[in-house]
Amino acid sequence: MKYNLSKVKRVSKPVLVIMYIVCIFFAILSLLPFVVMLVNATRNTYQVQQHAFSFVPSKYLLDNLKILNSKDTFHPIRGFINSLIISSGATVCAVYFSTLTAYALVAYTWKLRGAFFSLVLAFMMIPMQVTSIGFYQMMYRVHMTNNFLPLILPSIASPSMVFFMRQYMIPSLPLEIVESARVDGCHEFRIFNQIVIPMMKPAMATQGIFCFVASWNQLFLPQILLTNKQRYTMPIMVSLLKGDIYKTEYGAVYLGLTLTILPLFVVYFLLSKYIIAGVALGGVKG
Amino acid sequence: MEKRKTFSYARYGYLFSIPFIVAFMLFWLYPILYTAIIGFTDLKGIGTTKFHFLSEPFKNFKTVLTSASFKTALRNTVVIWIINFIPQIVFALLFTAWFTSPRCKIRGQGFFKIVFYMPNIMTAATVAVLFQALFAYPTSPMNDILTKFGIIASPFNFEVSKTSAKLIVAFIQFWMWYGYTMIILISGVLGINPEIFEAAEIDGCTSAQTFFRITIPCLRTILLYTTITAMIGGLNMYDIPRLYLNGGPDNATLTTNVYIYNQAFAGSYMYNRAAAASLIMLIIIAVCSVAIFQMYKEKDPTKVDRKRRHLAAKKEVTE
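Residue numbers (numbering that gives the first Met the number 0), protein chains in the order written: chain Y, 0 to 285; chain W, 0 to 318.
Here chain Y stands alone, though its shape is the one from the complex (with noise of 0.2 Å):
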């Protein structure tokens, strides 16, 4: 912003500090539910029973981690594999043909167009909760509960994301590009493949990103889809943690928590900077 920054009146010192003091209020507020359990995760249960709040970490991490194991129930490994199948295949989907659609939007003229957009627009109201029971009797028909494939598939379809490659689109993908592509012979799949994928790259990162940790967090339909324990989510993993196995074992429990948010912690730690910009860019609401 261009201010003359000269003219411009600065707050008080006590407001200025004032401003800090909350600002830091809420940081605390938001990190300290991560750092109790970062620090329980490493203490046993007797330290937890002892002092539940504390800054330091023990020495347990490995106990509590024998613990999780033994029990049988909580399987970290395979929830996060599962988890990694469903959202890297539906992130992919989205990602890819929600630029296809957009393209569609952008660069032709078509008749329906206008009312296709349109549709799109309205349906990006519609909470996925709604379909619910009409989408789990459907897939129970096909035999197709237990599977991945309906929680990847419908990902082709993300009117929200089509909306903001569009947007993207509009400005930065100059249609004389493509123009010459076709003088030049090539088949417009193959302009889309190998010139308007590589242009989009930042906005498909960034919509990836929103995709991936969307689809990772769902509970509700992979919790009606996957009865098989086999199959279950990290976020499905969760609620193994509520049981009565570990009612008393406090570290333990704090582990198996930061086991399901490790992934996400990483994700952010190394892409806030993207992950920021990109909310600010809008249009995005897991």
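Hints are supplied without guarantee of correctness; some may be wrong.
[To be verified] List time: in silico DSSO-like cross-link candidates among lysine-lysine, alpha-carbon distance up to 30 Å:
{"#": "1", "chain 1": "Y", "residue 1": "58", "chain 2": "W", "residue 2": "147"}
{"#": "2", "chain 1": "W", "residue 1": "43", "chain 2": "W", "residue 2": "61"}
{"#": "3", "chain 1": "Y", "residue 1": "241", "chain 2": "W", "residue 2": "43"}
{"#": "4", "chain 1": "W", "residue 1": "147", "chain 2": "W", "residue 2": "70"}
{"#": "5", "chain 1": "Y", "residue 1": "200", "chain 2": "Y", "residue 2": "272"}
{"#": "6", "chain 1": "W", "residue 1": "43", "chain 2": "Y", "residue 2": "272"}
If you are wondering where the hints come from, they were derived from the structure by calculation, not from laboratory data.
Given chain Y's structure and the hints, the job is docking chain W onto it.
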């Protein structure tokens, strides 16, 4: 020759939309219609796929609308959403005002944004179970802190108090979403033409005047977007109430989606009632969306320059 060429390209528009349209019809439209149909039938019981239409078509809807637990669920959903959304929007606006004001340059803004947003990205299921552990009875970090500082004499059982259960679920929602709302609002403010602020500065506006008379009216579109998406998300609240106390204690945190899940999948397998409840929720969401839209729609809404917002956000990444 030229005309034939444009015609042949239009074909690709349809061709490239086919995957979306097929997936849409198969995985969204068909399930919605199927749900709607089930709402008028007698479909219930595990493993059942055959159904008959009821002689009294709206029977399921009547049953749901008159059932005490659905009414409780709907009331809870609305109450929890309101007590999470009001502080959420207030604090998001406060931080937006501070972080975008030229009168105070708060250092470490990037850090604060990253930290405030972090809870949003974490699995809601994990967060719910984590908060259950944090507020457990008798030994939990929260009870430990409260007794240590002498705020309460003996550990408080947060899990049996209806009020505290509701407040904690609302707090978790607030905690997960205020950072998101703040970032959306900040990007909205960055999209406002800075000349407007300069003019206000020259005219001698106070910060409060600038904020309430310029910033908020200019944010109208973004606020509308935030309210509608938050409302849809709030009415679909499921993960947290379900995994925090599974709707308890005594249905105090039972939300409509937990109700739908319980009807269809937790023991009773009343698919028809669950479908009817889903349709009722869809209608409520549609009505609320229109109502919120009307509330924000006033004469001469100041539009936020979308392109500028994009540029500002992009600039933030490169900086």
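Results for each hint:
Straight-line distance between C-alpha atoms of residue 58(Y) and residue 147(W) comes to about 24 Å, which keeps the hinted pair within the 30 Å bound. A distance of roughly 17 Å separates the Cα atoms of residue 43(W) and residue 61(W); the hinted pair therefore holds under the 30 Å criterion. Simply put, residue 241(Y) and residue 43(W) have alpha-carbon atoms about 29 Å apart, close enough for the 30 Å limit, and the pair holds. Of the pairs offered as hints, the one joining residue 147(W) and residue 70(W) is violated, with about 40 Å between alpha carbons and a cut-off of 30 Å exceeded.
Of the supplied pair hints, the one linking residue 200(Y) and residue 272(Y) holds, its CA atoms being roughly 17 Å apart against a limit of 30 Å. A hinted pair counts as satisfied when its Cα atoms are at most 30 Å apart, and residue 43(W) with residue 272(Y) does not qualify at roughly 49 Å.
In this structure, the hints that do not hold are numbers 4 and 6, in rising order.
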